[in-house]
Each structure stands twice: as structure tokens, then as C-alpha cells.
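Here the protein sequences line up with chains A, B, C and D, keeping their order.
Number 150 in the numbering used here belongs to position 150 of the first sequence; there are no gaps in the numbering.
To convert, take the position in the second sequence, counting from 1, and add 1000; that gives the numbering used here.
To convert, take the position in the third sequence, counting from 1, and add 2000; that gives the numbering used here.
To convert, take the position in the fourth sequence, counting from 1, and add 3000; that gives the numbering used here.
Derived by calculation from the structure, the hints in this document are not laboratory data.
Note that the Cβ used here is the ideal one computed from N, Cα and C, for glycine as well.
Some hints here could point you the wrong way.
According to the in silico footprint, chain B covers these stretches of chain A (three or more CB under 8 Å from chain B) [said to hold, decoys possible]:
#1 27-40
#2 57-69
#3 140-154
With the Cβ distance kept under 7 Å, some of the chain B side facing chain D (calculated, not the full set) [said to hold, decoys possible]:
#4 S1200
#5 N1202
#6 M1204
#7 G1262
#8 P1293
#9 L1297
#10 S1321
#11 I1325
#12 A1329
#13 I1336
#14 G1488
#15 L1489
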Amino acid sequence: MSSIPRSMEAAGSGPVAAVERARRTQPSGWWGAVLLIATEATLFACLIATYFYLRFRTDEWPLGGIEKPSVTLPLVFTAILVATVVPMFLSVRAAKAGKTRSAWWLLLLATAVQATYLGLQIHLMVDDLHSFTPQANAYGSIYYALLGIHHAHVAVGLAIDAWLLWKLARGITNYRLIALRIAAIYWYFVAATAVAVVLTQLYPSL
Amino acid sequence: MTVATPPAAKARLDRLERIWKESPGVLGWLTTVDHKRIGILYFFTSLFFFGAGGVEALAIRTQLIGPDESTLSPATFNEMMSTHGTTMIFFFVVPISLGAFGNYLIPLMIGARDMAFPRLNALSYWIFLCAGTFLYVGVFTGNAPSAGWFNYVPLASKAYSPGPGIDFYALSLLFVGISTTLGAINAIVTIFKLRAPGMSLNRMPLFCFAFLAVSFALIFALPALSTALILLELERLLGFHFFIPAAGGAPILWQNLFWIFGHPEVYIIILPAFGIATSIIPTFVRRKMVAWPLVALAEILVAFLGFGVWAHHMFAVGLASATTIYFAAASLIIVIPSGIQLFSWITTIVTGTPRFQTPLLWIIGFIVLFIMGGLSGVTFAAIPFDQQTTDTYYVVAHFHYVIFGAAVFPLLGGMYYWFPKVTGRMYHEGWGKASFWLTFIGTNVTFFPMHILGLDGMPRRNYTYGPEMGWTGLNLIETLGAYLLALGLLSVFVNLAVSLFKGEKAGNDPFGGDTLEWSTTSPPPPYNYAVIPKVSSPYAMWDTEDREEDARNLERGRKVLEQGHETAASTAVDAEWDEVLDMPSNSAWPPLVALAMTGVFAMVLLQQWFAAAIFVAVLLCTVAGFHLKEPEEA
Amino acid sequence: MLGVASIVFLGAVAMLVVGWVRRDRPGLPFLGENEKANTILVVLFGMAIPIVILVALFVISDLVLLPETDAPAAGSTAMTITVTGHQWFWQVRYEGKDAETANEIHIPVRTPVNLQVRSADVIHSFWVPELNRKIDTIPGQTNAIELYAERAGVYRGQCAEFCGLQHAHMAFRVYAEPKARFEAWLANLRKPAREPTTPLARQGRRAFMRDGCAACHTISGTEAEGTVGPNLTHLAGRETLAADTIPDTPEYLFRWIQNPQAIKPGVKMPGLGLGPAKFHAIVAYLTGLK
Amino acid sequence: MRIAKPILERIPPESPVSPVLWFAVLGAPGAYSVQLGLGYWLTEAACSPTGGRWGISLSAWAIVITALAALVAVAAGLISIWLYRRHGDRHDPPPAGRVAFLAAVGMTVSTLFLVLILMTGVGVVTFRECNQS
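In isolation and in its complexed conformation, chain A is listed as follows (with noise of 0.2 Å):
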């Protein structure tokens, strides 16, 4: 703790997770995530804030006679992916206490689960496509815009991930221990807007 550190020339166990312990304050790229989250939450808060705006335009809600959404499915699926969260935690707590091995088999573990939901989640879309279109009326638009876009959060989550089960395979340096604290930030963000983005289109239902 007495000596600054170059710390981007950390590589191995060991110096990544010594330079780890003594940064006293955030990383410039978990500075950079969190903005960048901020900014993607926004997006989901003026999409949410869109549902909300065009409910109260109406009395009827859904719009021309569309079912109410079904709870439980979505629920459940929503449920897995939030627990992925505790993997992707265990990962980071691993790869900083220099077990790199075990962060790697950990974060492999959250990917095989999210790309699950993921699958999971299209098939549903699907089958809500075959009831209504976003072309239907307003409703159906935001449904499915809402819908599309946490869906492509989920995807880029999903590449982040394998970009880094293929870096990390090669050893930990500090540049990829603060890559995979960032993508731990980015599923903590993305596992929130999902319970946001759901309990917004559960909303008639519940």
C-alpha cells in the first residue's frame, strides 16, 4: 500500500490482484461502464416512461382487444436471468483473489444461463407474434420495442461474454480483470432493466 503502480503492466495472478488491492478508488473503464450505463438506463427510462405515456392516453389497456399479457413464464425467465448475477459475482470476487481458473469456469456458467434466457425469451416473443403484430396498434408497438431492445441488450451481453471467455482463457492481466468486473456491471444492469421491462408489460395483468 505505499507505492503507486503501473498497474496496466499486471499480468499473471498474482501482480493483477496486488494491483487490485492497492487502487484506492475506481478504474477509468469501470468510470467509463458505469456512464455508459447510465446512459443505457436512461434509454430504458424515457421506453418505460413511452408505455406509461400512451396508457394514459386511452381507457382501454391493452389497445383493440389484445389479451392481457400471461404472468408466470416471464416471471420465471425473468427470475433466471437475475440469478445469474450471483455467478457473474462469484467471478469477479474469484478473478481478484487470483483464481482465475475458477472466475473462467464461473463466468462460463452465467453465459450457458443467459444465452438460455435468451432462447427462451425469442420463443416467447414468437408466440406473442402470432396473437398480435407491433403493427397492430400503439400497444403492440411498445410491447414489442420494449421487448426488442432488452433483447439486444441481453445479445451484446452475451458477446461481451464470450469475448472474454476467450481472453481470460489465455491468462488474466489487469486489462482483463477490469473487462470482466465491467461486464459483471453490465448484467447487474441488464438483469434490472429485465425486471423493469417486465413488470412494465406485466402491468395490465398485475
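Model the placement of chains B, C and D on the given structure of chain A, informed by the hints.
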């Protein structure tokens, strides 16, 4: 520091020079990650868009020179006025302030060697260039947007604007929004993390406070615009419904989303000007700013309150009274932070010993124009008055006083002020003063009569007016004023262009500046500072002992960081030295990522979904390539 | 408001002039170099005084004056008029009176009228500067204001929200008339269109019905029931054509119907190319529709 | 395996940033944001076509929200004053100088937002609910 460099110091400077050298020639500019070069690229690109927007403005004024003129057809007029607004706001003022001034000066002012994310910085620039080109491809192929810069639906919906003009508008703004968001994030992290050790929040230059405020405002304002644009394009390209009442949509939804972005945007435009003013005034007045903490606060506060006033653009749409009150109250209170700054500037000038050189003249012009624009702005918070004057030339007068007079004058003053720093040469003082007076008079002759016309009932965006309305004389004066204004602006750029080659050598610090950038050479070396500077006040350059210590540190090799592209990172609040970072060097990936993105946007515009998907794949590959090389492998 | 603004502006400029005059002397006039006094000055002029002024402005304009522009409560006025904005003309209907016209609104003087505004296409804004505030016409929404004229006269109004190509030519007139005159005017408006009296006019009527005009325009009492363009039942009673763009004289009317695009480029009305003879006949028919 | 090389001695760590200080600075703006956000959406809901069914009393809500927001602003202001008195001059080196700076900021901000919160509250209560003007 350049005087009689001791050999030990000389060796270190040479070594730094070698480490930070970039590729020569065009390739160097294409792959550069140096914040100064990127700043210069931003500067010339946004200046080009300024020229385009200016030509459009002159065309508009020429059409309005007399009643029932037919220089422009109504269709062309509407395209001109829509493109003029869009260009000036999104492709000139914001990029030149954040991209050129912010980029070039923030790292210098805080004693850093680059932005926090240098390659991301390059990417922001290339995206900006591609997005601007994207819009102007539309303009030059006869597909300019024509629903005004705030693009109200349903006029902008497919039914009333069937051509691709609106798509060019919406997609190019989404596109440039990515660039601006990345730029804002970069600026914030740079200011948070790369401040020279010792520069705690209460020792940061006011310029940086202004840019911090702007960047935060952008991060929270742009998503509202992006949402609006995404919804609009989903509606236009894929047949979704958000804005058409028959399908359950709401036209006012667009206005809400747009102005949640749009009003903060006004402050985003003007805050960099505040920052520049607070840099120029202390230098030429030879004293520190009066009420420094209040000014720092005011800069942040303007950005914050800007989010609570959006509906004052919508007082005529028939909102509930209870709703309007929220926004009227906030629109009044937002005057206070501006008042604080205004009186701080004025008091500083009065109590100091000002030298009225060109940069200070522009700032004084700015103060006068800003008071005018501010006072006319307050009147919009009086709802009944707003409901009369909104959408008339009174509004046009008001916002040109604010976003031309108050926002662009300091940019021009700043060009003069930092010209010697960037180029190493002095501008011509006599021509500088003349160009100021020409522009100042031109601005007032152009925009002042608009107040009167507006109060007399002339609506904005009319492509013509009848002779019986009695608006002929003032319109003629305005148009002549616009030509004068164009001449004034031209003389600024001619002065600077000639001085670039013929100006006297400037030296490090021709004005006795107050902030760190004046301590390094003109132009600064690629690594900015050989020694990470010592900072113990917001006026670092006036702390002579600190600067002498820097020179001694160079000789002794303390705080030099010469093992690679290195810079110091500090804690966010009190700026204690926390780590040494390795910064990336030249990269060809940023322009490639931007090109791939252009492909995606172009294919979406053409509704070639399969090709768009291919470009998304290409984009992913380029992003992966971007991250291929890690810093420790550099 | 202008007075306060002028004082602020001149005061600030005066201080700048003081700065110029005292450019070689540091410190404030009288007070000298006193950092505390400087800060107090900034707080006083930049915060304290503005807060007082702004709160006063808020109370006066937004709490006391604002209710004057309130939408009238339902049923509180003697008469309701519905104005619908179209690209680029105004449709005017007298509710419950079965009377319709375009681009001119007649109201009885010193009588509050409930004005309901709507839009048929994009957003417009209804604005008669001398009578009341602006009110936007929003598709899917009905807004209301009170129209009240203290003195008889003609008041010009216009569209104040950019609405496309011919936003500049979307004006109208409000005629505030003594009650009796207004009633007579309204009684005439409620009648069906006059039958043509001359052979030329009859010929014009035939052309109007057969050659396309009727697809867009309504003339009540005839088979012309189009709703795209303005109602022409009493066209000859109006003073202007094409939303206050040109005077309603036979010469202008002829030029207008022969080639509307030359007078108002982009207007939805096409030039039908029927030849001068038919156009003369149509003008003869329309000028009879008093 | 490379090791991160230290280059300079570190200064001893300083006192952490206190949450009380940030409450003093951000309390009043936060309270105002809640007032605006909640107020806007309550109005939207109450004045919607379905609004009648929900029976939202805008004035009652406005009074409650305004009172709470004003309370927070006053508290933040008082804490700022207390902090400012305790930590000398803003020219001192950090952290004392920074705390004094932020406390000065807190005092100004709290005053300003208190005025704004009260203006808004009084304004909303004055008007007939959901009336257009």
C-alpha cells in the same frame, strides 16, 4: 522551460519525443489517438459544417429579403431551414465545443497526457464525420429533411413526409448521438481520473467544470432524443405506431421526448461558452474570478435545472395548467445560476485591470448578447406571454442571441485566445478587433429586428410574407445584417488562416494565462507535459513555485513517466495519485468501426435488412479488432 | 416586464463601462479591493435580487394572469365553434347550427365564444394575436379557448405551428360584428347554396359537378360533397381565397382555379386543365354563391 | 510474468468522502427531482381518460410532496451550514478545503431549490385540476 535546457532534461525530452511519435503523413492522421490531433480534426470538420449551415442561413435570409420573393421554392426553403438548424446544433456547435475545444484543452488544463480513452476518442471523431456525411449525402441527393429541426410528428410521419429526407435526419442524428455520447463519457472519465495529482475538485479550472456539466447533461439528455428517433424510425420503416392517434399513438409524445432532450441541449450548447469565458476573463483581467465556488456551482446547476424545463416549449399544446406550472417555475429559477455567473464575470472585469485585447472583446460581446438573450428568455416563463410569442420571430431572435451570440462568440474568442497555443503563432490584433466589431454589429443588425417582427406577429418558418403585413423594412435590414455578419465571420477565419503562416512566433505564454496549458510549448508536444505537473490551486499557471518545481523535477527525473505511453491516474474527488496508466498508441480500428457503422445505418435507410445484418456482423468484427491489442502488449 | 429588462440590461452594460473606465485600477469604485464585498455583490445581484423579481413575475404572470386564458368551462358560453386545421386552410363549423365555412370566423361582439380546435392532418396552431393566445390543433385531441372581441372589427389570424409547404399561406380572418349583423350572416350561412341564375353559371355548375371539383369540395344543396377542400357553399360571401392568400374577386378566382400551383405552390388543389371557357363558367357559378 | 513496478511513494490515504456531505449537496436537488417527476406523472395519470376512476386528488398530493421535499431541502441546507462552520476556508488543502467548498455549494443549492420547491407547490395547488390553460 525551453530556455537553456540542461542536458539531463534534454535527454528525457528526446526520449519522450521518441516514445510518443506517431506515424507521419495521412496515415498518421487516420490512425491518430492524440487528443490534440483529434481536436484539430474535429475543428476543421465542424467548421466545414458551420460553413454549410451558414450558406443555408444566407439562402434563407435572401429569400426573406422582400415580400413575395421567389429565390427559393417553398420546398427548398423548408429544407434549408430544417438543415440549417440541424447542422448548426448537431454538427457544428456541439462537436466544435466538446470535440475541438474540449478535446484539445481538457487534458492540457488538468495536466494529463491524453484523454482517458484515446482510441474511443478517435472513434467519436470518425463516427461524427461519417454521420455528418450521411446527412449531407441526403441533402445533396435532394433528400434533405424538411420538417424543421425539431421535426414534429405527424408532419414528419410517413403520411406527410413520404420521402427519405426524414430518415436521413433521424438516422444521422442517432448516428451522431453515439459519437457525442462516447465523447461525453470520455470527457467525464478524463476529468475524474486523469487530473494531475493535487488537483482536487476545488482546484479544478472552471473550464473543466463547464465541460463536466455539459458531458453529464449529454449523457442524460441524448437517450431521450435517441428514444424519440428510434420510435420514429420504427414507425416510418416498419409500420409501428407511436404517434398516430388513430392507432392509439400520441403526437405530443414526440414533443415530450424531443424537448426532454432539446432543452438540456440548449444549455449543452451554451455551457462550453461559459467555460471559455471563465478561462479568458481571468487572463486578460489579471485577477482570479470573483465568487469562484459559486461560478463552479452555477455551471453544474444550469445543466441540472435544464432537465426541469422542457415543457415550456409546449405551452401552446393544451397541457393541464398543473403541468405547465412545474415548468414555468423551473424556467424562472434557472435564471439564477446564469445571474450568478453574469455578475461574477462583470464584477471580475470591474475589479480587475482588464486589457481589452481581441479575446476579451469577444467575451464582452458575449456578455452583452447573453444578457439580451437571457432577458428575452425569461419572458417565456411567463406562460401568457409565451403563448403569444412562441413560434414567432421573437423566439428566433431570442435563441439566436443565445445560441449564436452567447454560444458562438466565446468559441470565436477562444479561437483567438488559443490560436497561439495550438499553432505557435500570434493572430493579427488589429484585424482581430475589426473582425469582432464587424461580427458584433452584424449579429445585432440581423437578430435585433426579429424581436420587433415577432411581437408584431410574424410567425417563424414562413417562406414568405405579403407586402401588406408591413414587415418589409425590418426584413430587408435583417438580410443586410446577415451579409455583414457573414463578412465578419469570414474576416475571423481569414485573419487566422493568414496568421497561421505569417504570424509572429508566440512563445509559451503570450497572454499571461492562468491555467496549465500555458506552461508547455506552443504547439504542445505529443506528450503535453514532460513532468506530471504539480497543482495547488485552480490558477496553476500563476503558482510560480509549482512551475519551478516541475522544471527541477524534469532535471532530476521525478514524475516524468518515460517508460511508455504513460500518464498518471488519480482518485476522483481529491486527486491523489493512484496509479500509472499505459495509454494506447496509433490504431486503424476507430475509422474502420465507424465505416462499418455507416454501412449499418445506410442499409437501414435503404431498408436492405439482410445487408444491414451483414454490416452488423462486420461491425462486431471491427469492434473485436478494436479490442484485440491490450495495453500491456503495446 | 420590458421596463425591468431594460434596467437590468442597461445596469449590466453600465458596469462593463465602469470596468473599461477603471481598466488600470484594481478593485471596486468606493469599496476598493475587498474580496468579500465582491462576493456579496455577486450574491446580491446574481441571486437575491433576481429571486425577488422572478417570484414576483411568477405570481403575476403565472398565478394571477394565466387563468384569463383558461379554456372556457363546458356550457359556459352561448355559442361553440369548431375550427379544424387542414393543410392549408381552416374549416369552421358552428356547432348545433348546421353551418360551415372556411378561413373566416364571424362572431358577435362582446360575446364569449367557446372555440374548439382540432386537426385533420398535422399539427397547426390557431392564433389571433389581438384576441387570445395561441392554441395548437393536435390530431386526436380537441383543445379549447375562448374567443372574445371587445370591439367590432376584422382581426387577422394565422397558423403559428410549422405545418409543411404552405404554412406561410394559412391565414384567416375573424369578423367581430354587432349581434344583429352576425345573426343575419349566420342565417344566410345556414341556407343551402343559391341556384345559378345565368346560363353561363348553370354551365359552370355542371362543369363543377362533373369535371372534378366536387370530389374535394362541398356545396350544400348540391351533389358536391367532397371533404378534402374548403366548403364553398357561400364562397362569394368571403373576402379572400386560399386561406387569406389572394382577394376573392372574379379575376383572382379565375387565376386561382386555372393554376392554383402558381399562386400557392404545393397546395393540394390541382390545376384541372379544363380550358378557359369552362373556367369562366365555373367562376360565374362560384361568384353567385353569396 | 511481469510485475507491476512501483515508481513513487504513496501519500497516506485520507478520510473517505462522507455521505453526510453529499446529502448536504444533493439533498435539495434530489427532493426537487422527485417532486417534479412524481408531480408530472400524477398529473398525467389523474388527467388521463381513465383518471376519474382512480380518484387522484392533485392538490392533496401536491401539498404532501411539497412539504416533504421542502423538509429535505431545509435539512440539507442546515447540514451545509453546520459543515461550513466546522471546516474552515475553501482555500485549505483537501480534504478540508474541498469540504468547505462543497458545503458552500450545499448552502446555495438548498436555498435555491427550497424557493423552487415552494413556488412549484403553491402554483400547483392554486389551479383547478386538469384544466387547460
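Tested hints:
For a cut-off of 8 Å, the count of residues in the stretch 27-40 of chain A with a CB near a CB of chain B stands at 9, and the three-residue condition holds. Check on the stretch 57-69 of chain A: 4 of its residues sit with their Cβ under 8 Å from a Cβ of chain B, so the three-residue criterion for coverage holds. Requiring three or more residues with a Cβ within less than 8 Å of a Cβ of chain B, the coverage given for the stretch 140-154 of chain A holds, as 6 such residues are present. For S1200 of chain B, the interface hint holds, since its Cβ comes within 7 Å of a Cβ in chain D; the closest pair sits about 4 Å apart.
With a least beta-carbon distance of about 4 Å to chain D, the hint placing N1202 of chain B at the interface is held under the 7 Å criterion. At about 10 Å, the closest approach between the beta carbon of M1204 of chain B and any beta carbon in chain D exceeds 7 Å, and the interface hint on this residue is violated. Hint status for G1262 of chain B relative to chain D: violated, with the closest Cβ pair at about 17 Å, above 7 Å. Interface hint status for P1293 of chain B: upheld, as the beta-carbon distance to the closest one in chain D is roughly 5 Å, under 7 Å.
Taking 7 Å as the C-beta cut-off, the interface hint given for L1297 of chain B holds, the closest approach to chain D being about 5 Å. Hint on S1321 of chain B holds. Least Cβ distance to chain D is approximately 4 Å, under the 7 Å limit. Look at I1325 of chain B: its Cβ gets to within about 4 Å of chain D, closer than 7 Å, so that hint holds up. Interface restraint check: A1329 of chain B against chain D, minimum CB-CB distance 4 Å, threshold 7 Å, status holds.
The closest approach between the C-beta of I1336 of chain B and any C-beta of chain D is roughly 6 Å, which is under the 7 Å cut-off, so the hint is satisfied. Hint status for G1488 of chain B relative to chain D: violated, with the closest Cβ pair at about 38 Å, above 7 Å. For L1489 of chain B, the interface hint is violated, since its Cβ never comes within 7 Å of a Cβ in chain D; the closest pair sits about 37 Å apart.
In this structure, the hints that do not hold are numbers 6, 7, 14, 15, in rising order.
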